[in-house]
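K.L.:
When you get a sec, could you build the whole thing from the sequences and use the hints?
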Amino acid sequence: MRQLLNTLYVQTQGTYLHLDTDNIRVEVEREKKAMLPLHHVNGVVVFGNVLLSPFLIHRLAREHKPVTWLSEHGRFLARTETPVRGSVLLRMAQHDCAGDRERTLAVARYIAAGKLQNQKTALLRAAREAAEADAAPLRQAARDINDQIACLPLGQTVDEVRGIEGTAARSYWQVFPLMLRQHREFFWLSERTRRPARDPINALLNFVYTVLANECASACQTVGLDPQIGFLHALRPGRASLALDLMEELRPIAADRAILTLINRGQITPRDFEQHEGGVVTLREEGRKTVLAHLNERRKEEVTHPLTARKTPLGLVPHVQARLLAQHLRGDRPHYPPYLHR
Amino acid sequence: MPPEPLLLSSLAQYAYCPRRCALVHVEQEWADNIWTVRGEQLHARAHGGGEEARGDVRILRALPLVSRQHRLSGVADVVELRPGDVPYPVEYKSSRYPKTHRLGHFVEALQLCAQALCLEEMFSQPVLQGALYHIASRKRREVTFTPALRQAVLEARDGVWALLESGVLPPPAADDRCQWCSLQEECEPFAPRDFPRGYDPFSTALEEP
Ligand code: SF4
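Note that the protein sequences, when read in sequence, are chains L and A. Heads up: the first sequence begins at 1 in the working numbering, then just goes up one per residue. Heads up: the second sequence begins at 1 in the working numbering, then just goes up one per residue.
If you're looking for bench data, these hints aren't it; they were derived computationally from the structure.
Which bits of chain A does chain L cover? Going by a derived footprint, with three or more residues having C-beta under 8 Å, they are:
id, region
1, 162-173
2, 186-197
3, 200-207
Here are a few chain L residues that sit away from chain A, every Cβ distance over 10 Å (derived from the structure):
id, residue
4, 30
5, 32
6, 133
7, 167
8, 277
C-beta atoms are modelled at their ideal positions from N, C-alpha and C, and glycine is treated no differently.
P.N.:
Now the structure itself:
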């Protein structure tokens with residue numbers, strides 16, 4: 001039984017983590033802040049200037065618990081590669097599939113379908129709760145995405161699938177701010193941009209996506225898949241394409257939803273952001289703490305997986321999906337079933 | 001023929017469910033459930049190693065086993081060497097299956113019999129009986145290595161070989177043995193292989209079902 005364990009996120013600068021028998025001892029300025037039993041932790045993610053003792057790193061590696069180093073602002077830098085799990089045959093199958101146009105296309109289509117379905121569901125749900133004036137455009141966007149879903153089976157190349165996904169994304173992000181009920185004048189969204197963020201929503205999205213991508217990469221590794229070899233995302237040196245693939249379906253429900261909740265509940269407010277000269281916006285440390293605490297809570301929330309019909313904590317969905325993908329790649333199931341949120 | 005001898009434990013897994021065997025030995029999946037964890041702890045105790053004498057019986061613990069003829073290897077929890085150096089294997093079990101679990105009991109007997117085949121070769125002695133020791137109930141169950149049981153061991157061995165050679169994952173058993181299997185999550189025996197009814201990634205329904 002795979003347990004939902006916590007990922008330990010450490011972002012207080014100058015923290016020192018070390019092994020204390022079977023615990024992780026957390027110290028800030030030589031003062032003990034916490035003792036965490038190792039068996040409650042499935043990985044450690046540190047931001048910026050955080051020190052880990054070699055013994056702690058070794059122990060985590062031995063237990064297949066990855067350490068991830070991010071920059072202070074959450075940019076991915078490195079992850080320990082723990083002794084490889086899973087079968088070399090699985091990775092061979094993954095490579096074979098990635099080299100096969102038809103099979104790659106099929107997987108890419110399903111991944112995109114999962115994402116678009118979940119975007120559609122999110123918009124329709126929001127429309128039901130929204131004010132009259134907002135509901136109409138939200139529904140319209142859902143219809144537009146639906147049109148793109150209808151196009152998906154017709155996409156003949158992965159490029160076309162990416163194009164369809166991009167068109168849907170534009171409809172989605174255009175109405176995204178309409179799902180906000182607080183500080184609308186502050187939380188505007190110019191367009192979805194990668195780093196650096198030029199508005200608060202993008203700053204939040206970038207941060208949450210980093211965390212989620214890391215969880216997806218860990219899920220790939222746990223199952224024995226190579227996180228770098230993806231199907232929808234182009235292969236690029238240093239890019240965890242498969243982790244990004246797995247993340248696609250989860251973005252609308254695990255990441256975007258979290259941001260909306262935090263803003264709508266007033267847990268994240270304009271004060272959590274720093275506006276830099278030249279227009280770049282970053283999330284302050286307090287805000288990052290709030291986001292991580294919320295994400296950790298949400299990981300425990302149970303959802304019913306539409307394929308396995310099992311109650312699964314949201315935090316384990318990346319693992320379930322990685323496993324289902326592995327089964328498809330190894331010929332154990334004919335299609336990759338994306339996670340469709342209900 | 002695979003270059004390395006098979007692990008005795010893989011025979012038991014195969015006899016229980018070929019897919020389970022493939023998940024562990026082909027896919028190299030491993031998941032602990034309460035049963036395997038408890039089993040490991042108990043084994044750790046039994047596997048202290050060493051030798052002791054009780055009356056005219058010598059007790060060997062954690063004895064490495066090997067059979068060249070059948071290409072098997074493993075470790076026996078306990079082997080009693082009875083007068084005349086007749087080995088008598090005793091396998092410790094953390095009562096894993098309910099009393100009525102026939103397949104579970106058969107698998108345990110099969111694993112013990114596989115040990116006996118190794119012991120026969122190692123000691124050049126016929127090994128006709130052994131015992132399963134159920135730790136929780138402190139009961140010993142004697143097992144006689146009948147020709148049928150020996151045959152079952154060899155069939156399981158051939159089955160594991162075929163699995164390792166083909167590298168293909170057999171379809172799930174999806175029956176009541178899954179209830180006792182620690183690999184359910186990796187295996188997903190009951191999840192439909194293909195999309196079930198009502199699950200359509202390309203659905204263009206506009207309201208939720
Ligand atoms: S869950 Fe069932 S089918 Fe799957 S490996 Fe275990 S016993 Fe076999």
